[in-house]
Amino acid sequence: QGRSISGKVLDENNDPIIGASVLVKGTVKGAATDLDGEFSLSLAEGENILEVSFIGYNKQEVTIGNRSSLSVSLVPDTQALSEVVVTAFGMEREKKALGYTTQSVDGSKLAEARQPNVVNNLAGRIAGVQINSNSMPGSGSHVVIRGSSSVSGNNQPLVVVDGVPLEQTDTRRYGGGLSEINPDNIKEINVLKGATAAALYGSRAANGVIMVTTKDGSGTKGIGVEFNSNVTFDRPLIKPNFQNIYGGGAGYRTWYVDGRNGFDADGIRGTAGVDESWGAPMDGRLVPLWYSAPDRVPLLPQPNNWEQFWETGSAVQNNVAVSGANESGNFRLSLGRLDQQSIMYNNGYFRNNFKINAGYNLTSKLNVTVSAEYVKSGSDNRRYTASSDFIWAHRHTEYDRLRNWEDYYEIQRATFRPGDDYPYANWQHEYFANPYFLQDRYPNANMKDRLVGNIAATYKFTDNLSLMIRSGTDYWSDNRTDVTSVERTKNFVRILGAYTQTNISSQETNSDFILNYNKTFASKFSVNVQAGGINRTNDFVSNAVNVRELTIDGLYNLGNYASPVVPSSEIRRQTVNSVFGATQFGYNNSLFLDITGRNDWSSTLPINANSFFYPSVALSAVITDIFDIQSRVLSFAKVRASLAQVGNDADPYQLRQTFMAQGLWAGTTPTYSEAPTIANRDLKPEITTGREVGLDLRFLNGRIGLDLTYYHQSTTNQILAVAISNASGYQFRTLNAGEVTNQGVEAMLTASVLQNRGGLNWDVSVNFSRNRNLVVELAEGLENYILGSQNSVTSEARIGQPYGTFYGRRYLRSPEGEIVYNNGLPQLEPGTFALGNIQPDWMGGIANDFKYRNFSLGTLIDIRMGGDIFDVGTGLARKTGQYAETAIGREEGVIGQGVKNVGTAENPSFVPNDVVIQAATFWNATNPRNFHEAGIFDGSFVKLREVTFGYTIPQSILGKTFIQGVRVSLVGRNLAMLHRNHPHMDPEVDMKGGNAQGFASGEQPSTRNIGFNLNVTF
Amino acid sequence: CTGEFEETNTNPNEPEVVSPSLLLPNAIQVSADRYWGHSTRYQRLNIDAAMCWIQHIARNIYINSEGDNYEVPVTISSGTWDNVYRNSLVNFESILKLSRPGARYANVNYEGIALVMKAFTYSYLTDVFGPIPYSEALKGTADEPIYSPKYDSMEDIYAGLLADLKLANEKLTVGGPRVDGDILYNGNILRWKKFANSLRLKLANRQAAKKPAESRAIMQEILANPTAFPIFASNSEYAALNHANVIGSRNKMFDVFSTRSDWNISSTLIGKLLELDDPRINAYAKPTPTGEFAGLPNGLTDEAAATFVASTIGDRFLDPSAPSILMTYSELLFVLAEAAFDGDIQGDSQEYLRRAIAASFEQNGLSMPSDYMSRLGTINKEVIMTQKWIALFGQGIEAWTEYRRTGFPVMPAPHPSSIFTNNGVLPTRLEYPLGEYSLNSSNVATGVQLLGGDDTMRTKLWWAE
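Chains as they are written, first to last, in the numbering used here: chain D, 1 to 1018; chain L, 10001 to 10465.
Treat the hints loosely; a few may be bogus.
[As the list claims (entries may be wrong)] Selected chain D positions facing chain L (Cβ under 8 Å, derived; list incomplete): (1) Q630; (2) L634; (3) T658; (4) W665; (5) N680; (6) S725.
[To be verified] Pairwise CB distance ranges (calculated): (7) D:F540 with L:A10445: 42 to 48 Å; (8) L:V10174 with D:G667: 53 to 59 Å; (9) D:V297 with L:R10375: 49 to 55 Å; (10) L:P10015 with D:F540: 18 to 24 Å; (11) L:R10104 with D:T551: 39 to 45 Å; (12) L:E10007 with D:N588: 50 to 56 Å; (13) L:R10375 with D:D264: 35 to 41 Å; (14) L:A10103 with D:G866: 53 to 59 Å; (15) D:E410 with L:K10460: 57 to 63 Å.
[Said to hold, decoys possible] Not close to chain D: a few residues of chain L, all C-beta gaps over 10 Å, as computed: (16) L10022; (17) N10091; (18) A10103; (19) L10138; (20) A10244; (21) R10354; (22) D10371; (23) P10412; (24) P10427; (25) E10436; (26) G10452; (27) R10458.
Because the hints were derived from the structure by calculation, they are not lab data.
Ideal placement from N, C-alpha and C gives every residue a C-beta, glycine not left out.
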């Protein structure tokens, strides 16, 4: 028999709270308060407890008893405005006390629409963080926080897991570091952006810190088991706009003879060695093709060969975690497995993660914790496409046939020209091998073991004084086998199989102690002191053997060599000792001053100058507390300011001049050569100085939050291998020089738009960042530093320009800006010019999260506007007649859009260009290898980065089963490209890795991932 | 706690001191490679640029972007410049430092060899670019280092090289201290002396029109005293790097031509050889499938080139252990024939020419037809230089230099389907690498002044007659 209850929800000032949530405990039945703060509900038998909540207030449970109306006063949740964040060395700090910016992402946001490389999930979520990812399994991503500051050094942030650094290797093919961490174990990722946030981490934190905190067992009641399964499928996101009218070949001819432009029995020259698509119309005419020659088959368009070529990729991740806790300690064990298949044929990756976190109170004063993850990962083949398959290509190629080349091998073998013998059939043999054969027989396999973990003991001398001693290590070894050749014959030259075996091992060990003291005096003054010391050692050894000729083809054993092998090794060691101290003073829990200092001694600097000190100071003032502002509109306001320095040492072995081994001449004579870089005996550490001011505002009881930051960061005394005139006999000179500044703004807006309005919750979070970068100074006499180059286009740090400005050749233009043509062909202006810049104008992200009863919907839009790429691939695919625009005017010729000079060179007179020229000649003349401007494209994109739609099975259904919770979600990543200016592909590219960003040459396409996630807790 | 830092930071990968014997092989190899072969695409100055420009060979594809139509990738310039300075010349300079009197490895024969190879390499580089850094170059790690070396005129560079070669002949001591790592002559010092003096004759002749008195005095000094100044006396003595059939040490023409078929023999060379009924056609070219010799015109569009059936390069040049030639006996005899014709030395120009041609035949494993000289008509400078052009097949850069100096051979009119850039002018030099403009800008500006014209491929070099 039903009854009803009505009531009113009030705040601490006895004003009504609008939109507060009132829920009948143990059900999904509830209501939201109206404009007067009132609600009413009907109750079923046994429903006796209400849960009343509102953001910014502590949740309250109210027992109804036999009342029919009641009034609830909510108490402000001070905790909500004093969230705890993890800062340097894993120390937890109140967010309101921080004088610098941090931003965190909860582990649950990383787990559902997960990426095998967890860092990719940060894209669009954190202001000022730029991530360039790839679609290759197990690949690394390039991460930059607040712009690039180091001209020649690493610009990626330091990665720290549970307080101990994780070596982040940014190779695209092999990933390494964050890409190997299991997302299921992550409780939270916290990004420390500025120099101040990083001051205590020293040397390598100048680019910011990504701090990963993993889950432990604390808070578990008894034993808990969690099972998570995530399955996603991948297809290419963007298909280039191909032409489907003309086939492969040249001069309107498509004619396979012997794969290499040879002549057939009738003396007809083949086009099989041409790797372009200026061939015959695909109108069904009968021509010999690679799988039929010399017999003829109809030449037909293959508009779907892109879809044929790319496989459906997949990622399957399963994880089981067991955790437990009691008053003495806690533990969590986790076992995870990832199997990933690429959209590239026979290209995959697997990863097994074993993780343990445990803590135990040995006595009431002594606590020990251990955190360890063992990762076994690798692949039979990490080779992905070398990118030419849709650039230097025949549009009529049927990839299904090419995949099944064995069916046509005997037919084709009969056409091989004398002196040639290939172990596969292919569409041509002049420049390319069959991509499927390459994927099968030229694998890049690897097997990698990694152990990262730490053991820490904390002793509490008193409630105010404690000491932590910790030692952590990150050790990995990687065993790589790269096949580079298999036996074949060309031009009567027999080429033998070849491969390279590489074994790498690397270890970083950090041992530290931290003394912690905190005390509150006279209830107004608080002081918090940390002091400690760290020893860090790095050891890296890479041994490689290149077997250039195999005796037995296909047997990849180092003993199977037919000619002298080429061994090499690289060893790197370095040690840094540090002491540091940090003090925080608090007044009235509303005004905070942080002072830190750190001194490092590094083995890589000159013995007499290897010590360097760097300080930081940060101020945080909670205005609303200090001035006792009590407003319903402005509920919290904090200003913060900080100033910090971070020093950075050199890479090892840069102090003394050396010679480089050049192998054996003729297999017998050893030889050396001067090293290309001039050493510097007087190196100094490089220094990054950061300044930051910020404002943290919360409105309407915290329903709306706005966080604004302005920062300015300058890196000086950079350790540069500066290019010098090669006429000096050397290529580079190592010196301290240069200054790069980054300044920018970051804004984060969060809003609870709807709070239980008809059961619907809607949260919005928006972030925006804009970074302006300037190369202020380089070495004396040096105006530019080359970060990367492709086809002589350079990405440079050039004085007065932002980092990553492209220089190359551009079209000659009339004073009105029209391209000047001569005989129908565009002309180049003499000299090189700035063509663009890799850095975006601004970036942003918009996240919307909806909850309705047991359903949730989350979306994330990732925006990057501006910034250029040099995409030689797209330009070349035009030159080779692949794209739709190249089919226009093939029969009748084309007229370039622009002008021609009908005057003299001295007195030009420009009229519209009207010279008709062959399409092939026209597109050839815009080849970005020489016409660099033709390869510059806008890198802007807006992507629907993430959608998750989840359903939590209600307790009422699970009832009294042993299952505690089940959540099922449909997840999607990179679902749609909402905006782009690039005509043919996703401009989010990273061809070269490291500082050479912004280059592309037919990259493996980015993928759309769709799948589901199942989470069950017991 | 920092006591072991010095040991930790001692380079375990690379030594701080090496002997000259370890620096010599790679430095020689790089010089020979950049002059004769070189296999890295877009850096193949001899194969893709010089041999095409001088119309020994022609491309049948990618004609417009790799050199044949005079449009060159900028890396042809930078690759040549950077590698010659950085991988060849600086190591010869280091050998000189390590082996000079009083130095750790004092040895007059290393000094002499380094001087000869430095002179050979510098002459190649200045003949390609014009004025280049010379007197201040290679000093990046000197006691008073120079990172932005000034440019010197070709005249000054030639004077320096000729002086160095004279000094080299003095230093080189037959029966003197032993040298190792000599992959050119295996420690045979007499042959180094012959190379030094033959090269000195070549350089003197090259500048003879500009500095007649000095050049004649040098030639006179050498030819008058064969004991003190021995020169090449047969095809068994000339300067060539013998390759081994080991990956990385093979003849680079094998590496390039055996893997790709982008080149044919130029119709200019085939035409000339057919006209003279010259048996060297059998060494230089292979017949087409129909058994004939046919050439491909230079500078065609890709589409036009596809309609030609033309000969490819002869197997002699495709042997993995075929030598990289630096200077031949026949080349020396051509120098003497020209010098005699110009009146710079005594002697019978026609006889020197006959011996030069005979040496060229012999070098290619052939005998000169007995009536060959009668096919040449009246001997004049054009005949001498045209024959030298035929003999220099493979040494495309040398042939290109001699064309730029003398204007011979006279090249035929371009094929109607050819499209040449560079205003149709056969390149007179390479442009300075872009790196010099960004890294050594004020000095390269002076270099352009010394050049006496714009930094284009149309400005003539100092020795142009």
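Regarding the assertion that L10138 of chain L does not contact chain D, is the least Cβ-Cβ distance greater than 10 Å?
The claim is violated: L10138 of chain L sits with its nearest Cβ about 4 Å from chain D, within 10 Å.
Go ahead and decide if the range 49 to 55 Å is satisfied by the Cβ distance of V297 of chain D to R10375 of chain L.
Given range 49 to 55 Å: holds, Cβ gap about 54 Å.
Holds or violated: 39 to 45 Å for the Cβ distance of R10104 of chain L and T551 of chain D?
Because 43 Å falls inside the window, the suggested range holds.
Return the status of the interface hint for W665 of chain D: holds when the least beta-carbon distance to chain L is below 8 Å, violated otherwise.
holds, 4 Å
Given as non-interface: E10436 of chain L, partner chain D, CB spacing beyond 10 Å
Non-interface label fails for E10436 of chain L: nearest chain D Cβ at 6 Å, not farther than 10 Å.
The hint names Q630 of chain D as touching chain L; please verify it with the least Cβ-Cβ distance against 8 Å.
Where the cut-off is 8 Å and the nearest Cβ of chain L is about 54 Å from Q630 of chain D, the hint is violated.
If you check the beta carbons of R10375 of chain L and D264 of chain D, does the distance land in 35 to 41 Å?
Check passed, 39 Å falls within 35 to 41 Å.
C-beta pair P10015 of chain L, F540 of chain D: status relative to the range 18 to 24 Å that was hinted
holds, 20 Å
Verdict on R10354 of chain L as a residue remote from chain D, using beta-carbon distances over 10 Å
holds, 36 Å
The output says A10244 of chain L does not contact chain D. Does that hold with a beta carbon cutoff of 10 Å?
violated, 4 Å
Hinted contact N680 of chain D with chain L - closest CB pair below 8 Å:
violated, 11 Å
Min Cβ distance, L634 of chain D to chain L: is it shorter than 8 Å?
Hint on L634 of chain D: violated, closest Cβ of chain L at ~52 Å, above 8 Å.
Violation of the numbered hints given earlier is confined to hints 1, 2, 5, 8, 16, 17, 19, 20, 25; the remaining hints are satisfied by the structure.
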